[in-house]
Amino acid sequence: EPEVTQTPSHQVTQMGQEVILRCVPISNHLYFYWYRQILGQKVEFLVSFYNNEISEKSEIFDDQFSVERPDGSNFTLKIRSTKLEDSAMYFCASQQGGETQYFGPGTRLLVL
Amino acid sequence: AQSVTQPDIHITVSEGASLELRCNYSYGATPYLFWYVQSPGQGLQLLLKYFSGDTLVQGIKGFEAEFKRSQSSFNLRKPSVHWSDAAEYFCAVASGYSSASKIIFGSGTRLSIRP
Chain U
18 EPEVTQTPSH
28 QVTQMGQEVI
38 LRCVPISNHL
48 YFYWYRQILG
58 QKVEFLVSFY
68 NNEISEKSEI
78 FDDQFSVERP
88 DGSNFTLKIR
98 STKLEDSAMY
108 FCASQQGGET
118 QYFGPGTRLL
128 VL
Chain W
12 AQSVTQPDIH
22 ITVSEGASLE
32 LRCNYSYGAT
42 PYLFWYVQSP
52 GQGLQLLLKY
62 FSGDTLVQGI
72 KGFEAEFKRS
82 QSSFNLRKPS
92 VHWSDAAEYF
102 CAVASGYSSA
112 SKIIFGSGTR
122 LSIRP
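If you're matching them up, the sequences are chains U and W in order.
Under this note's numbering, think of the first position of the first sequence as 18, with each following residue one higher.
Under this note's numbering, think of the first position of the second sequence as 12, with each following residue one higher.
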């Protein structure tokens, strides 16, 4: 069964550094999402992406964040200058066009 | 605004016992509802979903959920839990009917299984 994949599974970075989290959505899906989950808290929406542009973003998704679908298969989340509070599990999700979003296994980001 | 409430932070049940996890939602119309499960350090797995039709929906791993419009609830049930069911369970609602609608999650219920 096709699935969403994410790399890396874990990333440790220094505060102020840039990180890029990568996702490979299911191949015929059209809608893409990033969510995050701070340890012990609920999953929060960050951004949705369709037709090569952002559809919606949350207040968390400020100017430090950006998304891109550079080559038609990958979907990336970039954090330009990481802060301690960016430490979280980041989930990518993709959707074909119906109602169900399929989630990847997540990238655990630790900012020191 | 849409929201999801899971009133139980942590539940412990004995192996073989029945389980019910509570979920209440706030939404202006008929919602799209989901239950996801997350094992420690793992991603989110879809257990089941409700969009329309029969209000009792069956999911994977023997789980079911019942949509009750009058109570704005979508409780998850399992007749007999197994030790492998220990995990975090999230109830969720889609924010709209169109694709590219974000999913809004509840705060989760952690399920522990007593041997």
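Among these hints, one or two may not hold up.
As the list claims (entries may be wrong) - Below, simulated DSS-like cross-link-like pairs (lysine-lysine); rule was C-alpha separation at most 25 Å, straight line:
1) K59(U) <-> K60(W)
2) K60(W) <-> K72(W)
3) K95(U) <-> K59(U)
4) K95(U) <-> K74(U)
5) K59(U) <-> K74(U)
6) K100(U) <-> K74(U)
7) K79(W) <-> K59(U)
8) K60(W) <-> K79(W)
9) K72(W) <-> K59(U)
Since the hints were made in silico from the structure, they are not lab data.
Because the structure is a prediction, the values reported are computed rather than measured.
Against the structure, the hints come out as follows:
| no. | hint | in the structure |
| --- | --- | --- |
| 1 | K59(U) <-> K60(W) | 19 Å, holds |
| 2 | K60(W) <-> K72(W) | 14 Å, holds |
| 3 | K95(U) <-> K59(U) | 21 Å, holds |
| 4 | K95(U) <-> K74(U) | 14 Å, holds |
| 5 | K59(U) <-> K74(U) | 17 Å, holds |
| 6 | K100(U) <-> K74(U) | 19 Å, holds |
| 7 | K79(W) <-> K59(U) | 24 Å, holds |
| 8 | K60(W) <-> K79(W) | 14 Å, holds |
| 9 | K72(W) <-> K59(U) | 23 Å, holds |
In terms of the numbered hints stated before, the structure departs from none.
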